[in-house]
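Chemist: One letter stands for each residue in the lines below.
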Amino acid sequence: MTPEMSGGRQETYSDREIREILDSVRTIAVVGASPKPSRPSYFVSKYLMAKGYDVIPVNPGHGGKDIAGARVFESLAQIDRPVDMVDIFRSADAAYGITQQAIAIGAKVVWMQLGVRDEEAAALAEAAGLKVVMNRCPKIEYGRLSGEIGWTGVNSRVLSSRRPGMGATGGQQRTLGPKR
Amino acid sequence: MMQERQPGFDTLAIHAGARPDPATGARVTPIYQTTSYVFDNTEHAAALFNLETFGNIYSRIMNPTAAVLEERLAALEGGTAALATASGHGAQNLIFHTLMEPGAEFIAARQLYGGSINQFSYSFAKCGWTVKWADTEDPESFRAQVTDKTRAIFIESIANPGGVVSDIEAIAKVAKEAGVPLIVDNTLATPYLVRPAEHGADIIVHSLTKFLGGHGNSVGGALVDCGTFDWMASGKYPTMSEPLESYHGITMAETFGNFAFAIAARVLALRDLGPAIAPMNAFLILTGIETLPLRMQRHCENALAVAQWLEAHEKVAWVNYAGLASSRFSGLAEKYCPKGAGAVFTFGLEGGFEAGVKLVESVELFSHLANIGDTRSLIIHPASTTHRQLSDDQRAAAGAGDDVVRLSIGLEDKDDIIADLDQALASF
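Quick mapping for you: the protein sequence lines, in order, are chains Z and A.
Quick note on full-length UniProt numbering: the first sequence kicks off at 1 and runs consecutively.
Quick note on full-length UniProt numbering: the second sequence kicks off at 1 and runs consecutively.
Derived by calculation from the structure, the hints in this document are not laboratory data.
Don't take each hint at face value.
The calculated EDC-like cross-link candidates involving lysine to aspartate or glutamate, where the alpha carbons are at most 20 Å apart (straight line), are [what the hints assert, rightly or not]:
#	chain 1	residue 1	chain 2	residue 2
1	Z	K131	A	E4
2	A	K149	A	D230
3	Z	K36	A	E242
4	A	K335	A	D167
5	Z	K36	A	E4
6	Z	K179	A	E4
7	Z	K36	A	E245
Here the structure is a predicted model, which means the values were calculated and not measured.
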């Protein structure tokens, strides 16, 4: 099911809104990050790291260990630096509590992964001045907006006559390009 | 909430998937004529092989020119992703390799391109996949073939050799109730005329060789993932919903969500079976797609004029073109392809088999060959060529009996097309 087809309020986000979020955040706490390389949460964390984000895995069962080279914290409250965005890689019933913690630590964005939506949590975060994205994946969104996802034949739904941004580390890395 | 403008079909046909080349600024998609791509470092290589990141490894599995074609097809069909292949048959191989296990069955319409009937009947049987036939004119005939081994239903939107329009929604309902994906071959219609995803298709397959490429210069194929089938919930498709040993235990449907089928077809079936499209062919087909809307309008206009002229000719027994008011498919054509019923159709000659042979030997402008969907007008006698390997019963069921002549109407002046048929019909 495409995000557009799933209905509900605040589930259609313009490319501009998503881009603004991905351009503005640097530190992303991934709640529910798994140490298993076969899990989507691991893929997403590693991809965001490669794009230059400071990714902080949060998982109560793995505190102090590392996931893809980043130290794991047991909870959002324990993180030792400011967090811009909280990516919720948990089932929807955990979203409300995590959103409360995200507000408490001063995060600016609450992002719920593909398949995760909680409208009460979204309302709570928005009332506290946070931006909210539900039922989306930041890796897919970054891949769409940079054009990288098209390399695997995926419909990015982005039309642009501007040259895509190239990453500093090598030919096979694209970026979101200059801020607009 | 911000509402973004949705680009129209003609705009997508030119722009979807094709941003300027980041390295050179080239505006037209370059032909990336390379087998392989350097890795940034070993970590990057490992991430690519593990499917953790997007990128290019080897042109059997992905190529940047082909990728633009794929994204454009996905956009035109309203799908989530696409995969281009060496031919339409290659795409069918990849689809069924991803869906089927030995012992599984699928249901296909009898009204198919003769090559598909062969592929399904004989080559697929060697894989232990059994095709059960149904009648595309009778959606209930599909239901009658459903068993607990059924894994897919396959139809053509407008059936080759022409004139038949499938009731996609009615057949999609049967597929949904059976819990299997509906695969629609949309080659004759192209997404300009019919958009199967809007009528319940889960997977779309194309021969790009025909109207999409449109110039008779490149063989190619594609599958489009409509992103509509819930593989995890189904459990009937282990390739999609179970951890894969060859990728360290990742699960396709879980990791790749609503474009998982296209990814699985690429990183498993294409990786292992190998029918990759050549970059040059992808480039030529992309160039063709830019003018698809204009070409299809003229193809349909010319085809209707020729069909009407033939219908009034004394040596013509019948004309089977869904765009004609006299066609029993005109109602379905109005529903599914209101912009036109395509440009491939059949007609029967009063003189039967012999007259058919004389006609194809007497035309001067029409080319006697086995393709369709070219700028040039094409003619063939299916019974002696494309459908020759079928039994008499199969030929009749596929609409390719002895008296049948198939035309693919090109983009020449319609008066010249008609004049050529006129002189050829007058020669016997």
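Chemist: Compare the distance between the alpha carbons of K335 of chain A and D167 of chain A with 20 Å, and conclude whether the hinted pair is satisfied.
Modeler: 9 Å, holds
Chemist: Has the given pair, K36 of chain Z with E245 of chain A, been kept, meaning a C-alpha gap of at most 20 Å?
Modeler: Holds, at about 14 Å.
Chemist: Taken at face value, is the distance from the CA of E4 of chain A to the CA of K179 of chain Z at most 20 Å?
Modeler: 19 Å, holds
Chemist: Given the hinted pair K36 of chain Z and E242 of chain A, is their alpha-carbon gap at most 20 Å?
Modeler: This hinted pair holds, its Cα atoms lying about 16 Å apart.
Chemist: Between K149 of chain A and D230 of chain A, does the CA-CA distance stay at or below 20 Å?
Modeler: 18 Å, holds
Chemist: Do the alpha carbons of K131 of chain Z and E4 of chain A lie within 20 Å of each other, as the hint requires?
Modeler: 19 Å, holds
Chemist: So if I understand the rule, the pair passes when the alpha-carbon distance is 20 Å or less; does K36 of chain Z with E4 of chain A pass?
Modeler: Given pair K36 of chain Z, E4 of chain A is violated - Cα atoms ~38 Å apart, limit 20 Å.
Hint violations for this structure: number 5 only, all remaining hints satisfied.
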